[in-house]
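Engineer: Residues per chain, in single letters:
There are 2 protein chains.
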Amino acid sequence: MSLKLYELVGIDPARPFSPYCWRTRMALAHKGLSAETLPWRFTEKNAIAPHGSEKVPVLLHHDKPVVDSWTIANYLEDNFPDRPSLFGGEGGRAMARMINTFGDIAIVGGIFPLIIADIPNSLAEVDAAYFRKSREARFGRSLEEIMANRDTAVVAFRKSLEVMRQTLKKQPFIGGAAPNYADYIVFGGFQWARVVSPFRLLEADDPVYAWRDKLLDAFDGMARTSPGYAV
Amino acid sequence: MSLKLYELVGIDPARPFSPYCWRTRMALAHKGLSAETLPWRFTEKNAIAPHGSEKVPVLLHHDKPVVDSWTIANYLEDNFPDRPSLFGGEGGRAMARMINTFGDIAIVGGIFPLIIADIPNSLAEVDAAYFRKSREARFGRSLEEIMANRDTAVVAFRKSLEVMRQTLKKQPFIGGAAPNYADYIVFGGFQWARVVSPFRLLEADDPVYAWRDKLLDAFDGMARTSPGYAV
Numbered sequence: 001m002s003l004k005l006y007e008l009v010g011i012d013p014a015r016p017f018s019p020y021c022w023r024t025r026m027a028l029a030h031k032g033l034s035a036e037t038l039p040w041r042f043t044e045k046n047a048i049a050p051h052g053s054e055k056v057p058v059l060l061h062h063d064k065p066v067v068d069s070w071t072i073a074n075y076l077e078d079n080f081p082d083r084p085s086l087f088g089g090e091g092g093r094a095m096a097r098m099i100n101t102f103g104d105i106a107i108v109g110g111i112f113p114l115i116i117a118d119i120p121n122s123l124a125e126v127d128a129a130y131f132r133k134s135r136e137a138r139f140g141r142s143l144e145e146i147m148a149n150r151d152t153a154v155v156a157f158r159k160s161l162e163v164m165r166q167t168l169k170k171q172p173f174i175g176g177a178a179p180n181y182a183d184y185i186v187f188g189g190f191q192w193a194r195v196v197s198p199f200r201l202l203e204a205d206d207p208v209y210a211w212r213d214k215l216l217d218a219f220d221g222m223a224r225t226s227p228g229y230a231v
Numbered sequence: 001m002s003l004k005l006y007e008l009v010g011i012d013p014a015r016p017f018s019p020y021c022w023r024t025r026m027a028l029a030h031k032g033l034s035a036e037t038l039p040w041r042f043t044e045k046n047a048i049a050p051h052g053s054e055k056v057p058v059l060l061h062h063d064k065p066v067v068d069s070w071t072i073a074n075y076l077e078d079n080f081p082d083r084p085s086l087f088g089g090e091g092g093r094a095m096a097r098m099i100n101t102f103g104d105i106a107i108v109g110g111i112f113p114l115i116i117a118d119i120p121n122s123l124a125e126v127d128a129a130y131f132r133k134s135r136e137a138r139f140g141r142s143l144e145e146i147m148a149n150r151d152t153a154v155v156a157f158r159k160s161l162e163v164m165r166q167t168l169k170k171q172p173f174i175g176g177a178a179p180n181y182a183d184y185i186v187f188g189g190f191q192w193a194r195v196v197s198p199f200r201l202l203e204a205d206d207p208v209y210a211w212r213d214k215l216l217d218a219f220d221g222m223a224r225t226s227p228g229y230a231v
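Protein sequence lines, in the order shown, are assigned to chains A and B.
Numbering-wise (UniProt numbering), the first sequence opens with residue 1 and increments by one.
Numbering-wise (UniProt numbering), the second sequence opens with residue 1 and increments by one.
Take these hints with a grain of salt, some might be off.
Identical copies go unnamed one by one, so any copy, or any two together, can satisfy a pair.
Think about it this way: if two alpha-carbon atoms lie no more than 20 Å apart in a straight line, the pair counts; the simulated SDA-like pairs of lysine to any residue are [to be verified]: (1) 159 with 108; (2) 214 with 161; (3) 159 with 105; (4) 159 with 12; (5) 169 with 85; (6) 4 with 172; (7) 170 with 77; (8) 133 with 157; (9) 169 with 74; (10) 31 with 83; (11) 4 with 210; (12) 170 with 105; (13) 170 with 75; (14) 170 with 90.
Keep in mind that the hints were calculated from the coordinates and are not lab data.
Kindly produce the complete structure, drawing on both the sequences and the hints.
Structural biologist: The following block contains the structure:
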């Protein structure tokens, strides 16, 4: 089969960092599928426009585009039903929708102000300029101002993980005894931070830290061996 | 079959109000099971101590006690497998654990300070005194002080529902096209508030409001027709 995945990178084409692309990377690995990586940068809108998207991940399956990490996960689940399930049934697929929203709001949204000014360091000049301009317009402040109080903001972020933390005291993964897409949704955000920022998000005695460690080790250490900071 | 359910009540034995008991009530209805209600009050510890619990819900199945709403939901799922599923498979059962924690922390924990001083109004004198003493010790403040700024605190509570709100813009229920235990977990908290407090938690144009309305109507309006405030 032919699978290709557009993934967000910066200067180093072998250092993918989008939280959403990492959700898809982990989902593909869970299904035992390998995809050819097509490195993609913020300013390369023209490369994916023909596939009907302005953002990555974009998956090409026999050249048919599948756009958006949630849609891709469902596509993989439906088109590769004989491989390990990403959701563990229809109830899990439905509930993963809420975990996907938690991943977007609490994880990606929570981490963004803690690492935002580190991101341009990974980007080529033209992409760094694009990133700065678009994000500063969105937040109405400079990247440095957004990130200025991260040493105190990270405390609130850690507190916001309490729902996850208490869950992980009861079972090893959000998906149960073994990880599934619910875990990859959340892990994508942590891996994004790990790739682009040396900032320490989690304390070592946090159950969320131990959980992240297990996902860094998953699939022969795929996420751990991908270039990043050891935080 | 013989099913009996200890449920928390106050002055009116036909007005159950515990968020956890409502999770179980909805779960029983989902399974098409009816249980005899055993009204239970805060100070009646002796009535349930023989069943190995200090709290309700306690379900008796042929006199065998099953304690704790999460354990009861799993018990019902495992012992009545031919009836409608509460979790929609093992993935849903696992992910519902995190939604259960969200229900405990964000919903019950979020609503508590908004209605806490209203609760004694529903209780007999001895139970009201117990409730006040134990909760004031836990919070280190009077019930009235805890609730004093609820008009501003409710704004933060509504904001904390964003994960749920965005989910409900994508699908009718947390459990998907139809409600399942994931919905009952969260609904239990709203129904608890509705039974004991006239305080308005949700704005009418909130997708969470519309979702709650549908659950009030479920099972022939079981929750709506149970005594409470029309808020």
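Engineer: Work down the list of hints and note, for each, if the structure agrees.
Structural biologist: Tested hints:
1. 159 with 108: Answer is both: 15 Å inside a copy and 17 Å across each meet the 20 Å cutoff.
2. 214 with 161: Only inside one copy: residue 214 and residue 161 sit 17 Å apart there, 30 Å across copies, limit 20 Å.
3. 159 with 105: both (14 Å within a copy, 11 Å between copies)
4. 159 with 12: neither (33 Å within a copy, 39 Å between copies)
5. 169 with 85: neither (24 Å within a copy, 25 Å between copies)
6. 4 with 172: Classified as neither; 32 Å inside a copy, 33 Å across copies.
7. 170 with 77: between (27 Å within a copy, 19 Å between copies)
8. 133 with 157: neither (25 Å within a copy, 33 Å between copies)
9. 169 with 74: Cα proximity of residue 169 and residue 74: across copies only (18 Å, versus 28 Å in one copy).
10. 31 with 83: Within. Shortest intra-copy distance 5 Å satisfies the 20 Å Cα cut-off; inter-copy 31 Å does not.
11. 4 with 210: neither (32 Å within a copy, 41 Å between copies)
12. 170 with 105: Intra 23 Å, inter 15 Å, cutoff 20 Å: inter-copy only.
13. 170 with 75: between (30 Å within a copy, 17 Å between copies)
14. 170 with 90: Answer is between; shortest inter-copy Cα gap is 15 Å, intra-copy 23 Å.
Hints 4, 5, 6, 8 and 11 from the list above are not met by this structure, while the remaining hints are.
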